[in-house]
Every structure is written in C-alpha cells, then in structure tokens.
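Novice: Chains as they are written, first to last, in the numbering used here: chain E, 1 to 292; chain S, 1 to 264; chain L, 1 to 255.
Derived by calculation from the structure, the hints in this document are not laboratory data. Worth double-checking, as some hints may not be accurate.
Using 30 Å as the maximum straight-line C-alpha spacing, the simulated DSSO-like pairs for lysine-lysine come out as follows [stated by the list, open to error]:
#, chain 1, residue 1, chain 2, residue 2
1, E, K189, L, K16
2, L, K32, L, K16
3, E, K180, E, K121
4, L, K16, S, K261
5, L, K86, L, K126
6, L, K76, E, K201
7, E, K121, L, K246
8, E, K189, L, K247
9, L, K246, L, K16
10, S, K197, L, K32
11, E, K189, E, K201
12, S, K261, S, K197
13, E, K121, L, K25
14, L, K32, S, K261
15, S, K261, S, K11
16, L, K16, E, K201
17, E, K180, L, K25
18, E, K178, E, K189
19, E, K180, L, K16
20, L, K25, E, K189
21, L, K126, E, K178
22, L, K86, L, K116
23, L, K25, E, K201
24, E, K189, L, K86
25, E, K189, L, K32
26, L, K86, L, K25
27, L, K126, S, K202
28, L, K76, E, K189
29, L, K246, E, K189
30, L, K32, E, K121
31, E, K180, L, K246
32, E, K180, L, K116
33, E, K180, L, K86
34, L, K116, S, K197
35, E, K18, E, K201
36, E, K201, L, K126
37, S, K229, S, K202
38, S, K261, L, K246
39, S, K59, S, K261
40, L, K32, E, K178
If you're wondering where the values come from, they're calculated on a predicted model, not measured in any experiment.
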Amino acid sequence: MAEKSQSLWSDAWRRLRKNRIAMVCLGLVVLFTLLAVYGEIVYQVHELRDITPSYQHTDLDMQFQPPSAAHWMGTDGLGRDVMSRLIQGVTIAYKVGIITSLIAIPIGVFFGCIAGYFGGKVDDFVVWLYSTFASMPGLLFILAIAMVVGKGLLGIYLGIGLTTWVGICRLIRGEVMKHKEQTYVQAAKALGLGPARIIFKHILPNISHVIIVTFTLRFPAAVGTEVFLSFLGIGVQDQPSWGLMINNARMRLWQGMWWEMTFVTLAVFLLVLAFNLLGDALRDALDPRLND
Amino acid sequence: MTDQKTIIEVKDLHVHFGHGDELVKAVDGISFAIAHGETLALVGESGSGKSISALSLTKLAPRQSRYAGGEVLFGGRNLLALDDAALRRIRGRRISYIFQEPMVSFNPVFTIGWQIEEALKLHRKELDRKAETARLLELVHLPERLARAYPHQMSGGQLQRCMIAMALACSPELLVADEPTTALDVTVQREILNLLKELSGKVGLSTLMITHNLGIVSDLADRVCVMQKGRIVEEGPTRQVLDQPQHEYTKQLMAAVPRLKPVK
Amino acid sequence: MDHLLTVENLNVIYGKGADAVHAVKDVSFHIKPGEIFGLVGESGCGKSSLGKAVIGLNEVHSGTIRYNGAGVVGLKGRALREYREKVQMVFQDPYGSLNPRMKVGSAIVDVLSVHKIGADAAARRKIAADLFEAVGLNREWVWRYPHEFSGGQRQRICIARALSLNPDLVVADEPVSALDVSVQAEILQLLEELRASRGLAFLFVSHDLAVVRNLCDRVAVMFNGEIVEMGDVEDVIDNPQHDYTKKLLAAVPAF
C-alpha cells in the first residue's frame, strides 16, 4: 500500500510549493522575520551593554540627507540613518502584529468554537462577554491597560490583543454553527467522538481559512493602531517604530524630504502584501478540492 | 389528443463545456420533436445531459457552456440564433419552466399572489391581474385566499402548484418540467402528476418532462427518450420502450429500479 | 431475550410549551439480530427522528430503548461510547457526511484511535484498508479526499466507516435516496452482502416503498409520528390494512 502522508498540512505544503507567487511572498515573510530577529538581537545587546545603538546615533550635521552611498535611505531630522531605523522597526511591527494576534486569535477561536458548538447557555455567556467588550471604546480600554501596566509595548500588546478578539470570535461562532449542522459532524458524533475532538480536529480544519485571512488582515490593522498609539505617546518610547517614523516623516514631506516616508511606507506595504498573498495562497492550499 | 403539428424540434444539438483535453460533451448530438398536446419525457441518470438539454432550448444552460452545433426550431425560428432580448420574450411567455425545488424558487419576502401578478405584468399587460391570478390558482386547485400567503406558509406541494400556475400565466405553448416532483413526498407527487395530466388535457399543453423516474414516465409521457452520456440511446412511444426495451442501457436501467411487486 | 434492539413506548418531543413538536409518539418495535427492519413514511412523519433517537443523537422524552436487554436511554460518557461501538449510522447525504478536509482513511483511523482499536497507527491503517476492500473499494484509495469519489463510492466509504467499530446494528437513514438507480442497486446489494457475511442488522429508514419491499424483512409504516402498520414486508406491502399504507402504495408511479 502506498504510504502517502496523512495530514492535511503536509498536503497543503505540497500544494503551496507549486504556487510561485506564494513562494515569493513566503521568501519575503522569511526575510522580514530574519530582520525582526536581527533587530531584536541588536536591541538586546545594546541594552545589555548599556550603549547607544547606531540607529539612535544623532548627528545634527547630517540632518535630512537624501539617499546616498553612506545612507542608502537618507537620514532623518536628527541625522539618524533611516535604513537602520527601518530595519529596527520591523521588530516592533512584528511584535505588535504577531503577539497581539497570538493573544486575540486563540481567545476568539476558543470562545467562538464553544459558543457555536454548544449553543444555549454557553453561547449566551460568550455573546454577553463579547458584546461587553465590543461596547467599550477600544482606545479607552487600551488607555486603561496602559495605565495599569505602564507605557510601552506591553500595554499595546494587551490592549490591542484583548480588544480585537471579538471580531474573530463572532466569525468563528457563525462558521461553527454552520458546520455543526453538517452531516459529517453528526456522523462523527454517531461514531462516538467527543466534543473537543469534533471541534478541534474535524470542524477547525474546515474553518481554518477564516483564521488565516483574519490573521493577515489583522497585521496592517495592528501596525496602524501602533502608529496611532505611538503618536499619542503611550506606545513605543525608546525604539524606532514604523509608527513613529511615519509620524515624523509626515511633517517634513511637504518640504520635499520624501525618503523617510517613502521607504517606511514601502516596507509596510511589502510586509502587508506578502502576508495577504501568502494568506490567500494558504487558504487555497488548505482546500483539498482546489488545484490538484 | 396528439395532432401532428410540431411545436418544437431539436436537431442535432451539441452543448459543450471546457476546451481541449477537458472538453466535456454534455449534450452530444440529440434530436427530438414534440407535437402539439404531447408529453415527451427525457429520462436518464445524473450526468446524462437531460437537464442541460432542457435548459439549452432557450439558451439557459450555465454560462460556461457552448452551443457547439445544431438547431432548436420553435415557431419557425432557430432559438439558438436569437439574441438575449428576443429569447426573453419567449422564455416564460411561450416556453415556461418549472424546476425541482419549489421551496427555493420563490422570493420569500413577497406573497404568492404578488409573484404571480409579477409574471403577468411582465408578459400580459392587458389583463385584469387580480382576476387572472384567481383563475390561475383555481386552475391548479388552490383556494384564492392563498394569493395573500407567503411562501414559507405553504407546503412543498402547494408551492409546486403555484409554480405551475406561474408557468401557465402566459398560456405557453411548451412547458418544460425539470424533475418537478423529485423533492416531494410520494403522495404529494401523485397529486402533482394528476394535476399535470389534467392540465395537458384541459389546456392542450405540450410538455417536455425531465425525470429519472421511470414510473413517472410511464404515468405521464406519450413518448420517451432515454439519455446516456449526452446521447439519446432509445426513443419511442412510452409503452413500447418500457415493455420492449431494445437498447442495453434501457434494459439495465429498468432492471436496476426496485419494483413494488418483485418480478420473479 | 433474542431481540437485538427493543423500543418501547418511545416519545421524542422537540421544543417546549406551545412550540413543542411531538415528532415520535408512543412507538414500539423490535429488531432481531441479522434482520433488516424497514421504517417508511413521508417527510415529517418522524422516521428520521426515531432513527436518531435509537443511536442517541436525539433526546428521548419518555419510553425505553433496550439493546441486548440493557437500557440505553440517557447513557453518557464511557457507556455511551461503548454502545456506539455496537450501533452505527449511515446518513442520506454521501456528500455532506464526509469531512471535506480529511482524507477518507484518516476519518476511519481517527474513529479507531478514539475507540482504542488496533495496536498502533500502522495497524489502524491496515484495518481501514481492509474495510475499504470489504465494501468493494480499492484499498489504495484510503488516502484520498472525499471529493475524488463519486456519490456511490462515498456511500461505500460511509458504510466502511460505520463498520470500523464492528457493530451489530446499523441505522441507515435514506442511504440510497440521493443516488442514481443503478448505483442505488449496487449499494442495496452491498447491504445484503454485509448482512449475510457479518450478520449485521439494519434499521433501514426510507421513503421508497419499492426499495423497502426488495430489501427488508419486516417493515413499520409511520404517519404523524406513529407507527400505523407493522409486519412482514410481504404482508404489509402486498396486502396493506391501514388506509394510509394503501394511499401511500397507490401513489407510487409504477411502470
């Protein structure tokens, strides 16, 4: 008997590899990931040694230099190198995008699944819970958390993470409700499988595309929120973030200093595009009925 | 009751999907004709091309299909050569359709009466629509008060009657019924079959009946075409085909059908 | 106690108060080992509700269901799992009842591992392939997805999955009504064979009197939640007593 692999995920990977655009995007995502790791290491090393990293190095003689051989992406208003700050900013974008997703998606998926599957009182409770969260203005909630845990990244993670699970919870709840009526779920019940196994092994793979698409859409939104919070002064304080860079560059743009804005926007664009296209391709790869 | 006047004639019709290696000949050169007042049954299993054939008469087959050849002669014209505007004047007015799923064939937010009147408004502006709606409901043995009912308040059988009333609204020359009773229970199916029989006598309707059920064929059809893989493999008067099937496939099909009284 | 399954005065009620629907009213019947028992009626007569109640997918309002003499109503947890090893179900829709994102073999292996049948993964894969063979499918096909199969093949897969726990009774809810007649004949043939080779009993829920006439040993006719007539299939269908059975039989278009 041909011992082919058994899992949906290894099949999906096989299909994904055939998709050229997806592989380019995957390459980009890997590149950004490496930059993020590199940035984090650089940051930690400098923190440990208590020295000023090069990207924080100010040189007022070098203000607003356009791109050149020494500074490929030019310098900003304090004479700092835009490229090294941009690379450093990947770390923050990643942390915000991924850590908030790691908080929000499991919460949303868990509550969505149990509400959709069990219905009744469980559903009532979950709906009450997310309605309560949704009725609070998100920004106030984030501000409140920032007051408790202090300014900085932790506040952003918790703030964004704990307010944005509501959307995915609603989506997942609806999808699970739809799937639980399908005969294959009935059949699984009749075969004596327990609810946890049915939810997580049988239903979840069928709705994984919802989660993947949500994840890719969350990324730009989370970066956007970070930009906004940093602008308000409760976000990132002592590290270069894309939010802060865009905010600074914004004021100089009309004076013809285009480079900082251009490169940062380009970076955000590439990252978001790569995640979106990869997410789309992954969703297709996860559907065994397509492209075989 | 069958006279010799031919209502519609299909000549060597080909309908294809896809291209090259993935070319599917859904309908592969079929020909048949229906006389005035006659009921012709197209019978076959799923994938035989019977529904596509029926839809192709007025070019209603799915978008990705191509009419690769043949003619559909109706009222002296080849329908396959007509443009969309001309076909719209024929669909619903001179050739009406009823489908398998009465439950989803109505708009749930409007009353039945409103939807029948809508069909009248479209094609026959001169009539007193209220009176005509009442007449049509009576024709299919539904009480007039049901004109004020919404689709969800009615049973599947009642809705299929309304479908038939709507299809008859413009006194069509040809009724195409695509598995009209497949979704219904057998006692309800019996009522609908009786109604169709009665109507073809009363209104002099020509009917193209698409079905997989040989019992319905035997009950309703004057002639039958047995379809397999896009082709008509056997054609003839119903009794002759069912009593003395000639083609291997027809025999297989008949052998596969479970009988109420097992043939020893 | 030579009855495999005994149902007595069973009631199934959906909803509460004014909206309550009395789907199954005071139904009693039994199934012997190796017997094919037909349950016929039109939509809404309660036959599917009854089938699901037997397998524990529907809540029972009152009455008893005994399997080999032991009551099964209200079983939970481990006891319910053990009961479900013995009583299985095949559904009407062969397209919906297989998980589209799961290879058909994995679905069977999954069931086996939950019920701790087979020593290890390899043994379970072998059992799955053997089951495929038993229902007339190629054993190489175990690692395909549901969409790669035709309706008849899928119904065979569903039957293989139901057999994976080696049950004594299979509740088949309209298992052939979504299939073409020639495929339908093959599946009915398969059910006959399984009864002969494994001594399986079936509760065969159907609206098709002709199918029931050809397959079943005994039959119960349901109308409005009640069994109006029950007996050997020859007696009931060739010589119906109740008015409703007569009406039902008269309605079938014959040729």
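Novice: If a hint holds in the structure, say so; if it does not, say that too.
Specialist: A quick look at each hint next to the structure:
About 24 Å separates the Cα atoms of E/K189 and L/K16, which keeps this hinted pair within 30 Å; it holds. With a C-alpha separation of about 35 Å, the suggested pairing of L/K32 with L/K16 is violated against the 30 Å cut-off. Between E/K180 and E/K121 the CA atoms are separated by roughly 17 Å; this keeps the pair inside 30 Å, and the hint holds. With a CA separation close to 43 Å, the supplied pair L/K16 and S/K261 exceeds the 30 Å bound.
Between L/K86 and L/K126, the direct Cα distance comes to roughly 21 Å. Compliance with the 30 Å bound is thereby established for this hinted pair. Between L/K76 and E/K201 the alpha-carbon distance is near 21 Å, which keeps this suggested pair within the 30 Å criterion. Our distance criterion of 30 Å between C-alpha atoms is broken by E/K121 and L/K246, whose separation comes to about 47 Å. A C-alpha spacing of about 37 Å is found between E/K189 and L/K247, which places the hinted pair above 30 Å, so the restraint is violated.
Distance check on the hinted pair: L/K246 and L/K16 sit about 34 Å apart at the alpha-carbon level, beyond 30 Å; violated. For the hint pairing S/K197 with L/K32, the CA-to-CA distance comes to about 44 Å; that exceeds 30 Å, so the pair is violated. About 13 Å separates the Cα atoms of E/K189 and E/K201, which keeps this hinted pair within 30 Å; it holds. At roughly 25 Å between alpha-carbon atoms, S/K261 and S/K197 fall within 30 Å of each other, so this suggested pair holds.
The straight-line distance between the Cα atoms of E/K121 and L/K25 is roughly 29 Å, inside the 30 Å bound, and the hint therefore holds. Under the criterion of a C-alpha separation no larger than 30 Å, the hint pairing L/K32 with S/K261 is consistent with the structure, at around 25 Å. Note on S/K261 and S/K11: the hinted pairing is violated, with a Cα-Cα distance of about 39 Å set against a maximum of 30 Å. At roughly 33 Å between alpha-carbon atoms, L/K16 and E/K201 are farther apart than 30 Å, so this suggested pair is violated.
In summary, the hint linking E/K180 to L/K25 is supported, as the alpha carbons are separated by about 27 Å, within the 30 Å threshold. In summary, the hint linking E/K178 to E/K189 is supported, as the alpha carbons are separated by about 16 Å, within the 30 Å threshold. For a cut-off of 30 Å, the pair hint linking E/K180 to L/K16 stands: about 22 Å separates their Cα positions. At roughly 25 Å between alpha-carbon atoms, L/K25 and E/K189 fall within 30 Å of each other, so this suggested pair holds.
For the hint linking L/K126 to E/K178, the alpha-carbon distance of about 34 Å lies beyond 30 Å, and the restraint is violated. A distance of roughly 14 Å separates the Cα atoms of L/K86 and L/K116; the hinted pair therefore holds under the 30 Å criterion. Simply put, L/K25 and E/K201 have alpha-carbon atoms about 37 Å apart, too far for the 30 Å limit, and the pair is violated. Restraint check for E/K189 and L/K86: the C-alpha separation of about 14 Å stays at or below 30 Å, so the hint holds.
For the hint pairing E/K189 with L/K32, the CA-to-CA distance comes to about 25 Å; that is within 30 Å, so the pair holds. For the hint pairing L/K86 with L/K25, the CA-to-CA distance comes to about 26 Å; that is within 30 Å, so the pair holds. For the suggested pair L/K126 and S/K202, the alpha carbons sit about 64 Å apart, so the restraint of at most 30 Å is broken. Restraint check: the Cα-Cα separation between L/K76 and E/K189 comes to about 13 Å, which is no more than 30 Å; the hinted pair holds.
Between L/K246 and E/K189 the CA atoms are separated by roughly 37 Å; this puts the pair beyond 30 Å, and the hint is violated. Taken as a hint, the L/K32 and E/K121 pair is broken in the structure, with Cα atoms around 41 Å apart against an allowance of 30 Å. Our distance criterion of 30 Å between C-alpha atoms is broken by E/K180 and L/K246, whose separation comes to about 39 Å. A threshold of 30 Å between alpha carbons decides the hint, and for E/K180 with L/K116 the separation of about 25 Å falls inside it, so the pair holds.
Simply put, E/K180 and L/K86 have alpha-carbon atoms about 24 Å apart, close enough for the 30 Å limit, and the pair holds. A distance of roughly 59 Å separates the Cα atoms of L/K116 and S/K197; the hinted pair therefore is violated under the 30 Å criterion. Under the criterion of a C-alpha separation no larger than 30 Å, the hint pairing E/K18 with E/K201 is consistent with the structure, at around 26 Å. Pair hint E/K201 plus L/K126 holds up; C-alpha atoms about 22 Å apart against a cutoff of 30 Å.
A C-alpha spacing of about 35 Å is found between S/K229 and S/K202, which places the hinted pair above 30 Å, so the restraint is violated. Between the alpha carbons of S/K261 and L/K246 the distance comes to roughly 14 Å, so the proposed pair stays at or under 30 Å and holds. A hinted pair counts as satisfied when its Cα atoms are at most 30 Å apart, and S/K59 with S/K261 does not qualify at roughly 42 Å. For the suggested pair L/K32 and E/K178, the alpha carbons sit about 38 Å apart, so the restraint of at most 30 Å is broken.
Violation of the numbered hints given earlier is confined to hints 2, 4, 7, 8, 9, 10, 15, 16, 21, 23, 27, 29, 30, 31, 34, 37, 39 and 40; the remaining hints are satisfied by the structure.
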